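> Below, each chain spelled out in residue letters.
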Amino acid sequence: MTIDWNSLWNNEPLRVFAVASAVLALASTIAALLRWRVAKGQPHGVIDNLIARINAWWWMVGLLGVAFLFRRDGVIVLFALVSFLALREFITLTQTRRGDHAALAVSFFIALPVQFFLVWIEWYGLWSIMIPVYAFLLLPILAALSADTTRFLERAAKVQWGLMICVFCLSHVPALVTLEIDGYSGRNLMLIAFLIIVVQGSDVLQYIFGKLFGKHLLAPRLSPSKTWEGLVGGILSATALGAALHGLTPFTMQQAAAIALVICLMGFLGGLVMSAIKRDRGVKDWGHLIEGHGGVLDRIDSLVFAAPVYFHVIRFWWT
Amino acid sequence: MFEGLIGQAIVTFARTLTGAHAWWRAPLDARGKRVYFANHNSHGDFVLLWSCLQAHERRRTRPVAGADYWNSNALKRFVGGRVFRAVLIDRVKREGQDPVGQMAAALNSGDSLILFPEGTRNQTDARLLPFKSGLFHLGEAVPDAELVPVWISNLNRVMPKGELIPLPLICSLQFGAPLTRIAGEDKATFLERARNALLDLDPDRNHDD
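Note that the protein sequences, when read in sequence, are chains A and B.
Each residue of the first sequence is one higher than the one before, counting from 1 in the working numbering.
Each residue of the second sequence is one higher than the one before, counting from 320 in the working numbering.
Mixed in with the good hints, there may be bad ones.
What the hints assert, rightly or not - Computed list of chain A residues with no C-beta within reach of chain B, every gap over 10 Å: (1) W9; (2) R35; (3) F108; (4) A258; (5) G287.
Said to hold, decoys possible - Covered by chain A, per the in silico footprint, the following chain B stretches (three or more residues, Cβ under 8 Å): (6) 473-484; (7) 487-499.
These are calculated hints, taken from the structure and not from any lab test.
These numbers come from a predicted model, not from an experiment.
Glycine included, C-beta positions come from ideal geometry on N, C-alpha and C.
Given these sequences and hints, build the entire structure.
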């Protein structure tokens, strides 16, 4: 049996995952060298955390790879599950009362699955307004029916915020596969790959630049680790990464760079917003599901803020 | 065998639904006689606590529960008696009963116990009800038992009283250091100390509700 390497290389998703695996393999090798040379096999906070993060990345890339195998259905199911885990972390850390039970049950068991079902049947007109309009009206009605008025507006806002962030915004990621772009049909998964690589790449590059050159804290009250050096280095290099990846997308190189810059900035600012919520609740991480990263929401906070903007930029100018 | 499978199914279900995560604040004597005492908001409390124990510890750990509830039908009798091996206490006071004796006998035969010293589910807005005296008398009857406070967070939000649909929120269990034994301590002082040890484990203790 001979393997036709050319046709494998021409399979776009496979090529992306081959390159991603190569990058992770390089990262794992560097981390192993650091453990050997710097930590000398002893426990070392930063290096152990780095290794845990890289291992989690292997898992996340693997899960995305499995989802991509099932194409449209795969990414919708994957992001519905991620959305569920994120909403669970969000509501867990949010103080709600017994009177919110019905509204929360509707959020978890109706709004969330219906949102991803609407994306699946490509009913843009409804999925793009269901949570901002109908859930927005229905959930406070349910809370009011419970007759508990303590901190009412605050509680209604928290439930709505959880749905907007963890379900509505996140659902724009799989919704990218439903966009119809001239001359790009069948390649929409690569829009998702571009978004995730650039935004998560920006997070990783900010971390690396911050660890190597970080001196001036950017928002000490929000985050003890975000520095100006990390921000500038990370976002510029992620923008360059986006420009280099324009071949995956319907964008020209300049367009890809501009879009990458916008989504990196949105991702960074989203991370600040989500940090502000965590600080207010007195926690460092949203959860502990992903070793080295914290919770699911810690990993996807930047994606959540970037996805809707990215979706609408493409929908407005490319469809 | 069958009981074991049901037990495993219950553990998997409880941990998936609640995403439960146990935090052990202090090392414990692996083979000591142990009494876990916890806050009680929901029928699911002891299942969750039981599910968060390591398998070998879980096998020897029995909840202390009301006989009226667990004897009320055949299914509950099977689950309570065979799967959880509950130490059933008759809550109606009668002549010749010795609940502390029952619990002490279980501890002395090598089992651990799960006890809810509030005596009933807390359905008030108070974080913790006053303790009943059982924990004190048990400590007197079995002086070498480790009394381990366990704070259960969020389970009352997963399934508040009167609701039918559980919410998939993440629960956490804080296992604290065992109470130190102070010779000659009177009942009220002991119970207050035990209650404070439990309250101190609440990660949300500084947030008002």
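> All hints are to be evaluated individually against the structure, with a verdict given for each.
Consistency of the hints with the structure:
1. Interface exclusion of A:W9 from chain B stands, the closest Cβ pair being 41 Å apart, more than 10 Å.
2. The non-interface label for A:R35 is consistent with chain B: the shortest C-beta to C-beta separation is roughly 27 Å, beyond 10 Å.
3. At the 10 Å boundary, the C-beta of A:F108 falls inside the reach of chain B, the nearest C-beta of that chain being 6 Å off.
4. For A:A258, the non-interface assignment is confirmed: its Cβ lies about 39 Å from the closest Cβ of chain B, beyond the 10 Å cut-off.
5. Some Cβ of chain B comes within 10 Å of the Cβ of A:G287; the nearest lies about 6 Å off, and the non-interface call is violated.
6. Only residues whose C-beta sits within less than 8 Å of a C-beta in chain A count toward coverage, and the region 473-484 of chain B has 5 of them, enough to reach three; the restraint holds.
7. Using a Cβ-Cβ cut-off of 8 Å, 3 residues of the region 487-499 of chain B lie near chain A, which meets the minimum of three, so the contact claim holds.
Hint violations for this structure: numbers 3 and 5, all remaining hints satisfied.
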